[in-house]
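Chains as they are written, first to last, in the numbering used here: chain A, -13 to 420; chain B, -13 to 420; chain C, -13 to 420; chain D, -13 to 420.
What the hints contain is simulated information worked out from the structure, not anything from laboratory work. The model shown is predicted, which means the values in this text are computed figures rather than measured ones. Do not take every clue at face value.
Because identical chains share one entry, a pair is satisfied inside a single copy or across any pair of copies.
The calculated lysine-lysine pairs, modelled on BS3-like cross-linking and capped at a C-alpha distance of 25 Å, are [to be verified]:
{"hint": "1", "residue 1": "K262", "residue 2": "K411"}
{"hint": "2", "residue 1": "K305", "residue 2": "K177"}
{"hint": "3", "residue 1": "K420", "residue 2": "K368"}
{"hint": "4", "residue 1": "K305", "residue 2": "K327"}
{"hint": "5", "residue 1": "K236", "residue 2": "K177"}
{"hint": "6", "residue 1": "K146", "residue 2": "K262"}
{"hint": "7", "residue 1": "K197", "residue 2": "K285"}
{"hint": "8", "residue 1": "K(-2)", "residue 2": "K305"}
{"hint": "9", "residue 1": "K100", "residue 2": "K146"}
{"hint": "10", "residue 1": "K198", "residue 2": "K(-2)"}
{"hint": "11", "residue 1": "K333", "residue 2": "K305"}
{"hint": "12", "residue 1": "K100", "residue 2": "K198"}
{"hint": "13", "residue 1": "K420", "residue 2": "K(-7)"}
There are 4 protein chains.
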Amino acid sequence: MCYADKKLSETKVFKDPVHRYIHVDDQVVWDLVGTAEFQRLRRIKQLGTTYTTFHGAEHSRFGHSLGVYEIIRRMIDDVFTGREGWNPADRLLCLCAALLHDVGHGPFSHSFEKVFAVDHEEFTQRMIVGDTEINNVLKQVSTEFPQQVADIIGKKSNNKLAISMISSQIDADRMDYLLRDAYFTGVSYGKFDLERLLRVMRPLPQGIAVKKSGMHAVEHYIISRYQMYWQVYFHPVTRSAEVLLNSIFKRVRYLYQEEYRFQHQPVHFYSIFDGKISVEDYLQLDENIMMYYFQVWQKEDDTILADLCRRFLHRHLLKYVDFTDDFQKNNWVELEHLCKKAEIDPKYYVVVDSISDLPYDFYRSEDDDGCQPILLLMPDGKLRELSRESHLVEAMSRKEQTDRKLYYPYEMIDDNTHHTEMKSKIRRILDRSK
Amino acid sequence: MCYADKKLSETKVFKDPVHRYIHVDDQVVWDLVGTAEFQRLRRIKQLGTTYTTFHGAEHSRFGHSLGVYEIIRRMIDDVFTGREGWNPADRLLCLCAALLHDVGHGPFSHSFEKVFAVDHEEFTQRMIVGDTEINNVLKQVSTEFPQQVADIIGKKSNNKLAISMISSQIDADRMDYLLRDAYFTGVSYGKFDLERLLRVMRPLPQGIAVKKSGMHAVEHYIISRYQMYWQVYFHPVTRSAEVLLNSIFKRVRYLYQEEYRFQHQPVHFYSIFDGKISVEDYLQLDENIMMYYFQVWQKEDDTILADLCRRFLHRHLLKYVDFTDDFQKNNWVELEHLCKKAEIDPKYYVVVDSISDLPYDFYRSEDDDGCQPILLLMPDGKLRELSRESHLVEAMSRKEQTDRKLYYPYEMIDDNTHHTEMKSKIRRILDRSK
Amino acid sequence: MCYADKKLSETKVFKDPVHRYIHVDDQVVWDLVGTAEFQRLRRIKQLGTTYTTFHGAEHSRFGHSLGVYEIIRRMIDDVFTGREGWNPADRLLCLCAALLHDVGHGPFSHSFEKVFAVDHEEFTQRMIVGDTEINNVLKQVSTEFPQQVADIIGKKSNNKLAISMISSQIDADRMDYLLRDAYFTGVSYGKFDLERLLRVMRPLPQGIAVKKSGMHAVEHYIISRYQMYWQVYFHPVTRSAEVLLNSIFKRVRYLYQEEYRFQHQPVHFYSIFDGKISVEDYLQLDENIMMYYFQVWQKEDDTILADLCRRFLHRHLLKYVDFTDDFQKNNWVELEHLCKKAEIDPKYYVVVDSISDLPYDFYRSEDDDGCQPILLLMPDGKLRELSRESHLVEAMSRKEQTDRKLYYPYEMIDDNTHHTEMKSKIRRILDRSK
Amino acid sequence: MCYADKKLSETKVFKDPVHRYIHVDDQVVWDLVGTAEFQRLRRIKQLGTTYTTFHGAEHSRFGHSLGVYEIIRRMIDDVFTGREGWNPADRLLCLCAALLHDVGHGPFSHSFEKVFAVDHEEFTQRMIVGDTEINNVLKQVSTEFPQQVADIIGKKSNNKLAISMISSQIDADRMDYLLRDAYFTGVSYGKFDLERLLRVMRPLPQGIAVKKSGMHAVEHYIISRYQMYWQVYFHPVTRSAEVLLNSIFKRVRYLYQEEYRFQHQPVHFYSIFDGKISVEDYLQLDENIMMYYFQVWQKEDDTILADLCRRFLHRHLLKYVDFTDDFQKNNWVELEHLCKKAEIDPKYYVVVDSISDLPYDFYRSEDDDGCQPILLLMPDGKLRELSRESHLVEAMSRKEQTDRKLYYPYEMIDDNTHHTEMKSKIRRILDRSK
């Protein structure tokens, strides 16, 4: 029997709190889970710094990746198999793409990618086609298989159905993370009816469609997403921790560029500072490594770096006020000026964060980022875009919501041992915005 | 108002997946949560290496510590307050002891303490009475308060009730961890009825008692414990990861003693190797630091250390067979001998693990380790030890169960490039035990 | 101690699947639960005929009434007590009104009230002030107390806060039934975060307000309601069972008026047919009595009544098509005509049902039926109507949705033993609407 | 295609709170659900009078029957299919037996069967082979099929595997009712891991066996059963309601035999009183009919019958004390004597109830009632009886527990308007037992 078709002698199961059990029958899948690159996902948290707000959110991308795989497996084995639109030859391709879709994530991806201009999707593809244990497994299926998997994840394939299963407005990725993140944070928002949703999905050449009779299950899923974004993912306290992370990364790069003499050399960062990081270097970066550096940097002579690291480790986060248009027009320039005078470097300490900076992919019928819309399969066999049928979704998709906040170091500004006059002015400005 | 009685202007809540919400009203409690030592608990997993078996078990001791606090808070505020046996003056003492009971845990405590002969309970007490942020908070309550809290945790206090709330056969610690570990692993075993159990507890001078009418709730709790121990805590795969950790620690200490030249010096370990670790050094040891070292040590020249670290990081665990009395008598000496000949050092690679080595505190009526038994409060006001009334508990407490397994490196033994004859003999011995 | 203040010697608890436990401390509440009128609620299903669609929905109004009581108890004891806007003297009043708010419900209220023009709210008030066991309990509190309780339920009191707790857009009634009906049907829609919602409620003279910071919890509740209405309460199959019930009630009244000789006299119905039902007669009507009659009427000579009862008991429901404006304009008159010719009486068998007939109280900012809107308490202390702040609610409250269906007896129309030509025409008309 | 193999054009699903969804693909199963006899199960509560103790327990045998069917369907389709021990030809037989296993239950079976000496298992079989809608469906499969189904349920078949799936110590019946009854009562006891348990089951000629590696899942199930029995099924308050029911049935039969002139003739009972009830008569008996009679009998002249019915309807239950051997020896004769003198008929009002009277089928290795023991399938392929391997089960199965209580009418005995001296003596006797 060829490797692609090889089954385990007995189904292996992973106990999973979200899906109860994750079932693996295929040797290829089992071998991928055992690779160093996949095991590394245990060392990268699914929600980055969200644990500073929701202490339960300590789960890693490892469980999520298994969960996406399991959803795709059920979608195929329980719903698609035997239906006209489904090509059984795509099964292994979809399972592997599901399992590996996040494998290129770096530590604290959100801030890390922003500051260092790397892209986890690119690294995911490089890991799949590069010289890795994952590649060694995949190429046993066939020489072209690694590239095929990478093309599904990179949305470059012609297989639109497979792409839509892994990445669209209603893909297995979102379905798993909403359920999983709700479970681990403990919030009650994300719990749509996965089983019902899977049952009403149908495979079509242009992607997954949902039977009209299941529209309410889709609405529930869309609303869950809306609520998870605003209640969990965009939580202002989490964003405060992200602001600190950003500042740490910016500061350390600045010091490196200025040839500052680190007591503890950031050797793991050199290639990323120099903008030429290899897959091998990248694989060594995980959140344990980051946290190690944050801890040792607490003792650096550079007071900004040391302070930022202490703040991050001990959760002395920045406070915030709403950053309105008025504030921007009337106070922002003055505030920056005053902070500089008070020796509080605004570049690292007084920061505006807008949620449009966050990966906001809430439902839009206008498909401007290549994201596929959700299609309903009507009783007459025609397809209709969801918001044309659902009042609820139509209403929700109309307006974009934004939220801008100004983050600032409360304790520094409240400390009157120096620059008392400046700080008193700063406080007056901030108090007006509360 | 004195600091001990100071309330927050509004109740602060932590969203918690196990207890829904954790409520903080006391300034002292709030300040303790904000200390560097308490925040450090986020970097120490509640279940050590269990995540290698149950991937959901990535939760830290931070959430558990809040959970124990919350159970004690409810026990006091919802059940004990106003009852005869309860002294309202003990409230803050119990809350602080609950919150801080685990604060001295080191990274991967189980193996760490075993190899390096440190004791987390001792460090908990040293942190509370030593020069720490925690101590700074507690001593504002009163000069004696830190020692009082430490004495509850250390079971040296005369306040038997308070001790039994934090540490007895039915304490808040066990109640939280059973529920929490069941939640995060996703198993269905640990879910006894906490609310019911709290409602039937009564404060007595000699400790917590449980009303007879609530005996079935206690039985459920005892059985949950039994099942969690055998299904989760003693899982043979987790023990395999612990065996690896043990070997890493033993190897690195050996190399240090032999004055091996590390490429990456284990500076964080020096004082522990030398047996004179301070609280300050100890506080820097967390699981991120450990994982950092394991990662960099993969490149050490010492092949044993490098291999053990690779195995641990990429989850190439040891396999196991039952280690019976027969095996010990007939095969053990020969097996060790053969392994040495095959250049597989049995000290690190072929290891017997017995669960009596694990912190097995399942219910015993014989109270040999100072652990308080569970007392039932009968309708006539008398007390009876639980197993005298419950057939189920009596049956369960009678016999001790042990489980011994022999762990071995499957791939090494199966690799026939060298020492083929020895290895073939080793395999024959092991196969007989399957 | 006066009766109003009398406490039970120990808290009594009811195990409840929705709230875990329902706690009773007050003698008055305990005595009310023990009355014949309250126990009768066990014989009236919470969701009438919904069990024909969701087989789990067999729960009665008894559990719901306890649940509403428990929510009000927690709202008062855990959130309102000690706050400025709350008058402690209103506690018992609110608890009793909560417990008794549904006590006047008749069997299968929806159809029963529609056909016989009775109003359960009126009967609730008559039971409270009339000669009943409930009244005997309440008047021990004070002579005026029964009328005060009735006035809260009847929204005639000046106590707007108490009214809003029992009946408003965000009252304890809706909060319990959404959670309870979701639990028993097994759907995943209704599960908003009750604990969070209670915590952000504030007592004001004009009614309950919700702190702005809790707006997302209110949104979740509003959406849960929307989804429960469309997924459960308005389910077309349930409406089909209601259509049958309507027809049974109409037929039996018609036969009574025509002096038809029943084999089994509907003695329990006489006073309701005659339009002069007393509280005593009303109390004897429960769903067991109804089902008894349906069963014995299966053997009546009147074929319409016998057939309708058989259909209801054995769940041979009517089928349905959408009843569009087009259909009404073009086909309706002809269809009725053909049915009569085919000896299918359209009065009982071919029925249009519109959900505007159902108690649709989904959120509207326009408060046309005396229903109080939801008020947000802003950080500056001002009040704002919810849809002014929430994009989601604003979007959802704008348009009314309606749904009209035509129900018809599939088997009769498909039976070609008689009137084959008519029936063939009828089928053609109906097929066009599928 | 033959009827036995006919599939529905699309899977039909029932929303079920316990199993999420119940899936029906077979036309035979769908047709059976639509029969009058199966729909009648909606009018018979799963737990009889348990709703008087746990108000959530209002669920009927309809949902349970679907649940048992669903468990068998999953056992076959997800676990057994394709394994050596499983004969695919038995699939429909097992599904039908599962669905129909309880169809012969009468109203309030426990008391009803006890007083009138009928047996629901006998009626189940009579319904399946007699002139019923169920039989009409089954015989379309084949002439012998109804008898084959009846023989599985009646344990008369040679197909031991099929029998053990429906009725053994670990059958689908028990598995569903433990989960379902725990869900509806709201207790936390019954929740073993169904999915895990199914996965470790193996089909063998002598019945279901469970893989040794799944032993802990079986233990969990056994303990759940133990706890459900003692916490729910044997609850003393429920038994009090059963005692009342018994008394009602006994009294009404006595009156019939004495030719008492009922105001409301119990026509539905005549054939059962006369000991010659037909299937047709039996099918008309449901709990609605019973409750109708209880209501109208409240107005009968016979004060005992009227009082017992009032008590049952309004939940004025009997109180209880432990009925010890001492009490029996020393007080019982005197107590009966005193009651008679005080005009309290002990036959109906002062009743000893022993739980050995209840269907106690908790695990026993000694298989005295034809109940099959639980077999473990060891790694070496041998079978071992569960209690030989499990310390826990061995301990639990050793001793039988019994519980005897004396039920008495508290209000009558406390009412001092008549027979004050007798009653005072009665109270003294009862008080000694508290």
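Evaluated hints:
1. K262 x K411: neither (45 Å within a copy, 51 Å between copies)
2. K305 x K177: neither (31 Å within a copy, 32 Å between copies)
3. K420 x K368: Result: close only across copies, 15 Å inter versus 52 Å intra.
4. K305 x K327: within (20 Å within a copy, 64 Å between copies)
5. K236 x K177: neither (37 Å within a copy, 43 Å between copies)
6. K146 x K262: neither (33 Å within a copy, 63 Å between copies)
7. K197 x K285: Neither: 59 Å inside a copy, 43 Å across copies.
8. K(-2) x K305: between (47 Å within a copy, 16 Å between copies)
9. K100 x K146: neither (29 Å within a copy, 53 Å between copies)
10. K198 x K(-2): between (36 Å within a copy, 16 Å between copies)
11. K333 x K305: within (16 Å within a copy, 53 Å between copies)
12. K100 x K198: neither (40 Å within a copy, 32 Å between copies)
13. K420 x K(-7): Cα proximity of K420 and K(-7): across copies only (23 Å, versus 61 Å in one copy).
Checked against the numbered hints above, the structure breaks hints 1, 2, 5, 6, 7, 9 and 12 and satisfies the rest.
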